[in-house]
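Given next are the chains, with one letter for each unit.
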Amino acid sequence: MRAIKASQLLVVGVASALVLSACAAPADTTEGGSGSTESFSIAYQGPLTGADAKYGEYAKAGIEIALADYAAAYPDGPTVTAIYSDSQGDPAQAPALAADLINNADVLGVVGPAFSGETEATEPAYSEAGLVTVSPSATRVSLSEQGWSTFFRVVANDGAQAPAAAKLLTDVVGAKTVFVIDDASAYGVGLGDGIKDALGDKVIGSDSVEKGSTTDFSATVTKVTASGAEAVYYAGYATDAGLIQKQLTAAGFEGTYASGDGSLESTFIETAGEASEGAYLTAAAGAAGDDFVAKWDALTVSDKGSIGVYSTEAYDAAWVILSGIGEGNTTREDVLAWVAGYDAEGITKHIKFADNGEIDGAGGVYYYLVKDGDFEAPVAID
Amino acid sequence: MNNIISGLRARLAPVADRVGTALEPVGRVLGMKSVKYPLRTVGVLLIYALPILHLPLINTENSDFSGVLFTVGTYVLVALGLNIVIGYAGLLDLGYVGFYAVGAYTVGVVTSEHGQWPFFLALPLALVVTMASGVLLGAPTLRVRGDYLAIVTMGFGEIIRIVARNTDWLGGAGGINSIPSPPDIGPEEGLFQIPHLSWQYGYPTIDDRVTKVLHFGVLDATPYFWMILTTIILVICADMLIKNSRVGRAWEATREDEDVAELMGVPTFKFKLLAFAMGACIGGLAGAMYATRVGFINPPSFPLMLSLLFVAAVVIGGAGNRWGAILGAVIVAYLPERFREFADWRLLVFGIALIVIVSFRTQGLFPGRQKKRVAQAEKEVQKLEEGAEIV
Amino acid sequence: MTLLEIRDLNVNYGHIEAIRGISFSVEEGTITTLIGANGAGKTTTLKTISGLRKVHSGSVFFDGKDITNAKPYERVKMGLTQSPEGRRCFPGMTVMENLEMGALLRKDRRSAAYREDLERVFGLFPRLQERVKQAAGTMSGGEQQMLAMGRALMARPRLVLLDEPSMGLAPKLIRQIFSIVDEIKAQGTTVLLVEQNANQALKRSDVAHVLETGKIVRSGPGEKLAADPAVKAAYLGGDV
Amino acid sequence: MEFLIGNFAELTITGLVLGSVYALVALGYTLVYGVLQLINFAHSEVFMWGTYAVVWVLTLLGASGTSSLAGAAGYLAIALVAAVLMSGGVALIVERFAYRRLVRQNAPKYIILISAIGASFVLSEIMGLRDKIAGFLGLQGVLGDYVNNPRNTSTLPVEIKPEPVLQIGNYMVRDTELLIIISALIMMFVLDQFIRRTSFGRQIRAVAQDPEAASLMGANSTNVVRLTFLIGGVMAGVAATLYMIKVGATGFNVGFVLGVKAFTAAVLGGIGNLRGALLGGLILGIAENYASGILGSEWRDVTAFVLLVLVLLVRPSGLLGESLGRARA
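Residue numbers (my numbering), protein chains in the order written: chain A, 1 to 382; chain B, 1 to 391; chain C, 1 to 240; chain D, 1 to 329.
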C-alpha cells in the first residue's frame, strides 16, 4: 500500500507542479534589505580534495585573510562569506559546480577557477551569466584570447614567465646550453615551449616526461648528461621537479637546475634534498611577506588553509572583488564593472586589468634561489 | 525482423505481466484495468522532469542538479555500452575510457579544432569513428583471452590518451577548447519555457529560473540532460532488440563457453568483435555528448581511473542486466555528487561501498536473468558431474 | 574394530538430494566396496567422507570421533586419505613432489619411517621409482593412477579411499591395480573402494554396498553380492 | 638511435634497476593470479604502504642528514624489516577483507576484481586522509609528523647519496643501483627455491594446480591463499625499501602507476609464472628506457603497452607462459 500512495503522490505532485508553473508568477526569492543587514558571498572554484588539494589550501589562506581584512576595512558593509566549491581541478566536474554558483544569487564574484583546464570548461558559463571571476593561478596564455567578458587574472601568464625564465638562464646563470624538460601537462608544455622559443639555438635538447606517471627519470637523466648541457629547465610541478634534480645530481650532473612556479613550494626542496641547493625557481609571484604570515597566524577561523604558492595572489583576487562589495557594488553587474576598472596597489603587484583580463604590465617575474634548504627572497628578473 | 519482434514480445510479456499484476491495486484505485503503460509513461516523464522539480533529498547541494543529472546520464550511457561488452559478450574491458575519449575528440576535432561542423553532423561521424576504432583495437586484441584482454584493453585506453596528448593535431596537452554547443532548435528563446521549482520553504514554489526547451546554452544543463536521456531511451530500445535477437544468443553462448559456441557454428570472434564495436560506439556517443556539454576536452579528462569507475558501475549493478548497469552508473556518478559534504572522504567511502556491495551481492545488485539461470544450472551440473564419469 | 562409520547421511546439491540417508561402516583391516551406476552417489559419498562436501544431515565417525564437520586437512591428519576420481595428480610437479605432497602433514620427513613408506610405495609401484623426476602431467593414465594411489599412501593413512582406480585403464593394468589394492590391505591399511568395475571389486571385498540414486539398496560380503542375480544383471554384465 | 648506441650501457643498467622494482612488485600479482586466477588490483597499495613504513621508521629512529649507502646500512636494514612487516600485514588485510569471503562463495571474477579495486581506493585514501583519520581518533598530537600533509610527497628523512662503484661500458654504476639489481635477483632466487623446494611452496603450487586434490592431501587452502598474499606482500615490502633507496620520496598515489606497470610486467612474462615476472619486469624496464631514449619520454608508456600487445599476439600467454605449478617453475 505504501508504494501506491507514493506513486499517487508523485502523480499528483507532477500535476500540481505543471499547474503551478502554468499560472503562478515567479516568486521573488531575493531578500530585500539595505546596509549592513545584507549578506553576500564570494566563491572559490578549485581543488580542495584530490591530488591537487594543496593548491586549494593555499588559496583558502589568502581568501580567509582577505575576508578578515574586509571585515576590518568595511565594518558597515554587507556581510560577505566565502563558498568553497571543490572542482578537484577537473574540467568534467567543474561545470555543474559553476552552474550552482551562477544560480546562487548571493554570489557576487568568484576567486578562480584555479586551473586553466577548468577555466576553459566553466568560463563560457560565467561569461554568459555575467559573474566575474578573478583567477589567482590559471596561467595558460590562451585563456585571455577567447573573448570572455568576466575573465580576469592577477597573475602573469605563462607567456610572461617563459621569456623571463630564458633570460634568467642566459643572463643570471650564464648558461650557453640548456636542456628543457616539460611534464607533458598543458602548463608544462606551454611554459617549456615558450622557453625553447626564447632561448632559440641555446636549447641543445629536450624531453617530455608525463606528470605523475613515473618516479624514474633515468632515460631523461641520461639524455641530459649525454647532451652536456650547462643548465636544465624543468617546466612542471614540484615533486617531479625534485625527483629529476635528485636523479640528475646522483648521475653526476653539475650544471644549474631551474624550474617554474609549479615547483615553487617546499615539496621541491624536500624531494630533491641536498641536490636542490643552488636551484633557481622562476615565478610571476612575489613571496608572502611577514605581514601576511602574521595575519594568517591571527586568523581565528577553524579551517584557514595554509600559506603556499599563490596564497598572496588568491588574497589579491579576493580583495579586488571584496573591496568592490565594500564600496557598495552589490550586483554582479556592478562588481564586474568594478573589477574591470580596478586600479590599485595589491600585495603582489599593482593591479590593473587590460581589456582581455590580463594583469596590465604583467607585474614582474621573479627568481628564487634555493640556499641552505630554503628559498631565498625573490629577485626580479629584468 | 519479425522474429526479433516476436522474440522481444515473448521476452517482455512475462515481465510486463508481473509488473501489471504487482500494480493491479494501483489500477483499481485509479479505475483502470491495466496501468502499466500509463504508469510507465508517468515514470519516464518524471525522469524528464527531474531537473526542473529539484526534489528535496535527491537534489544536490553545491552542484547544479541538472548538471549532475547530465553527468549521471553520460555514465548511464557508458554503462549501457560497456554492459554489452562485459555483460553480454563477457569481455573484460579495462580501457573503455579510450572510446569515450575517441568520441569526444572526434567531435572536438570536427567542430572546433579543424572544422566548424554542426554538432548533429559531428555526432554520426563520432559514432562511425568510435565503431571503427573498436574494430581496429578489437581485431588484434580479442584473440587474447580472459584476463589478458583486461590488461591489453587497459593498455589501449592509455595509448589513446597519451597519443592525444602527444599529438598537436589533436590539441596536444592543452586539449581542444571552444567546442560549440548543439545548435538550438527553434527560436532563440526556446520552443517554450519551463520554470523550475524551488523547495526553499519546505514546499514547492516556482523559482525564477526557467529552462528554454531545445535551447542549448552554456548556463542550463537541462536541455543537455533531455538530449542524453532521449539517447539513453533509444539505446535501451536498441539494446533490447539486439539482446533478444540471434546476436544476443550468440553472445550468450560465447560468454558461457567459447569452444562449445564455436562447435555449434557461432563465429565467436566475429561476435566478440561486434560486441566490442557496438560497445565502443555507445561509449563514443557518451563522449561526444560530454564534449559538446563541457566545451573543452583535454587528455587528463580521460584517465585510467575513469575506466575503472565504468567497470565498477556495470559490475556492481549486475553485469548482463541493462537495468542493473544503469543503477550501477547512477550509484557511481550520483552518490559522490549527492554526498559532496563528505568531500575528502568520498573516494574512501566509495571504496568501502564497493567492497561491501559486492561481498553481499556476489552477482551485483541486479544479476542478469541468464546469470541467475546459470547459477541455478551450476547447482544441477554439480549433481550431473557425478554421472559424467568416463568409463 | 569399526574404523569409519556413516550414520543417516544426507547430502544435497541445491534442492537435489544426492545422498539420501545412507548408513554403513568400515571395519579396520578390510576392503569395503561401494558399487553403483553413474550418478548413484558413490563419488559424493567419498567426497563427503573426505570433507569436500558439506553434510546436510547425518554424521560421519572416524576412529570413534565425530568428524562430520571437520576440515579435509583435519581428516588427513587423523589418517584418512583419498585417491580421487580422475587421479588428479599435480601435473606440473614431479613424481617425487607429488609423493611429498601426499606426506604434506607428516612432520617426520627425515625419519626412517618416512623413508620406509617411500620404499613401500616404490615397492608397490616400481614404475614410479623409475620416473621420480618426471612431471606427472607427462605420464600415461596408468602411471598417473599409480601415482595418485601412492600419493594417498604417503600420508601413512589408516583408511584410504580409492575412487574408481581402474577408470579408463587397459585390462592388464586394471588387474595390476587391483592386485595392488590387495597388497595395500595386506600391509594393514583399510580400504574403501568405489568401483564401476564391480566384478573385480566385489571379488576381493570383505563387505560391499550397492548404491542406487543415493540409497544403499543391498549390502553383504563381496563374494555373496557377486553371486546375487540382481546385482549380476545390473552391474556385472559386460565386465572384464 | 645514435643516442641509444652511445649510451647503451647506462640506459640498460638504469632500465634494469627500474625493471627490478617492477619485477618484485609483479611477483605479488603473479602469485595471487597463480593461486586464485585473480588480478589483485590492491597489490599496488600494498607496495605503497611499504614505502611509508620505510619513511616512518626512519623518522622514528631520528635519521637525518645525508649518508652513503653503506653508512645508512643499519637504518636501511631496520627499514626493510618494517616495510616487509607493513606490506605483508596490509596484504593479509586485503586477503581477509576483499577476497576471502568472495573466493569462498565462488563469486564471479569481475566481482572480485571490483572488490580489489575498492580495496585499492580504500588503502590509498586512508593514506591520503591519515591526518583527518588521526584527528578523528584524537591521535593527531601523538602522530604529529607522521600524518602531516598526507596528500603531499613524503620524503626519506635521511638522504642516501649514491656512489659510483663499477664501470660498465662508459657508465659508472652506482652502489644503489647495484644493490637494487642484486637484491631483486637474490629475492627472486630465494622465492623460486622456496616455491620449488619447501613444503609451503609445494602447497602453493598444489593449490594452484588443483585446489581440491590439494585439500585431499591435507593442504589448508585458506592458509595457502593467506601465505600467497603474505609472500607477495613481503616481496612488495622489499621492493618498497629498494624503491625508497633509489627514489627517496613517496606519496599516497605512487602505488597505482607502479602497479599498472608491474602488472603489465607480470603479464608480459606470463602471469602466474615467477620467472616470468622477473623477465617481464626487466624487459619492461629496459624497453621503457630505450624507448624514452629514442622516441622521447612522452612515449614510454605507449611503448610499454605496445610491447605487451605484440608479445601477447605472438605468445598468447606471455613470454614464459602461465605456470606457477610447473615442475620447473
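I should point out that these hints are in silico values taken from the structure, not numbers from a laboratory.
Be careful, since some hints might not be right.
Okay, derived cross-link-like pairs now, BS3-like style, lysine-lysine, Cα gap no bigger than 27 Å in a straight line [said to hold, decoys possible]:
id : chain 1 : residue 1 : chain 2 : residue 2
1  : A       : Lys304    : D       : Lys161
2  : C       : Lys65     : C       : Lys54
3  : C       : Lys224    : C       : Lys71
4  : C       : Lys203    : C       : Lys172
5  : C       : Lys203    : C       : Lys224
6  : A       : Lys295    : D       : Lys161
7  : D       : Lys132    : A       : Lys54
8  : C       : Lys203    : C       : Lys232
9  : D       : Lys161    : A       : Lys371
10 : C       : Lys133    : C       : Lys107
11 : C       : Lys215    : C       : Lys65
12 : C       : Lys54     : D       : Lys109
13 : D       : Lys161    : A       : Lys211
14 : A       : Lys167    : A       : Lys295
15 : D       : Lys109    : C       : Lys71
16 : D       : Lys132    : B       : Lys270
Computed from a predicted model, the values in this text were never measured in an experiment.
Inset, instruction - For the pair supplied as a hint, Lys132 of chain D and Lys54 of chain A, confirm whether the alpha-carbon distance does not exceed 27 Å. - result: The hint holds at about 15 Å.
Legend entry - Satisfaction of hint between Lys224 of chain C and Lys203 of chain C, Cα-Cα up to 27 Å: holds, 9 Å
Inset, instruction - Sort out whether Lys109 of chain D lies within 27 Å of Lys54 of chain C, counting only the CA atoms. - result: Holds, at roughly 24 Å.
Legend entry - Pairwise hint evaluation, Lys211 of chain A against Lys161 of chain D, where the allowed Cα distance is 27 Å at most: holds, 25 Å
Legend entry - Pair hint Lys132 of chain D and Lys270 of chain B, alpha-carbon separation not exceeding 27 Å: At roughly 52 Å apart (the allowed maximum being 27 Å), Lys270 of chain B and Lys132 of chain D break the hint.
Inset, instruction - Measure nothing beyond the straight line between the CA atoms of Lys203 of chain C and Lys232 of chain C; if it is 27 Å or shorter, mark the hint as holding. - result: This hinted pair holds, its Cα atoms lying about 12 Å apart.
Legend entry - Hint consistency between Lys295 of chain A and Lys161 of chain D [alpha-carbon to alpha-carbon, up to 27 Å]: With a Cα-Cα distance of about 40 Å, the restraint between Lys295 of chain A and Lys161 of chain D is violated, given a limit of 27 Å.
Legend entry - Restraint status (C-alpha distance of Lys224 of chain C to Lys71 of chain C at most 27 Å): The given pair, whose Cα atoms are some 36 Å apart, is violated under the 27 Å limit.
Inset, instruction - Starting from Lys203 of chain C, check that the Cα of Lys172 of chain C is at most 27 Å away, please. - result: holds, 17 Å
Inset, instruction - Given the hint that Lys109 of chain D pairs with Lys71 of chain C, test it: the Cα-Cα distance must not exceed 27 Å. - result: Since the Cα atoms of Lys109 of chain D and Lys71 of chain C sit roughly 25 Å apart, the hinted pair holds (cutoff 27 Å).
Legend entry - Straight-line alpha-carbon gap Lys167 of chain A to Lys295 of chain A, limit 27 Å: violated, 35 Å
Inset, instruction - Mind checking the alpha carbons of Lys133 of chain C and Lys107 of chain C for me, to see if they're no more than 27 Å apart? - result: holds, 23 Å
Checked against the numbered hints above, the structure violates hints 1, 3, 6, 14 and 16; every other hint is satisfied.
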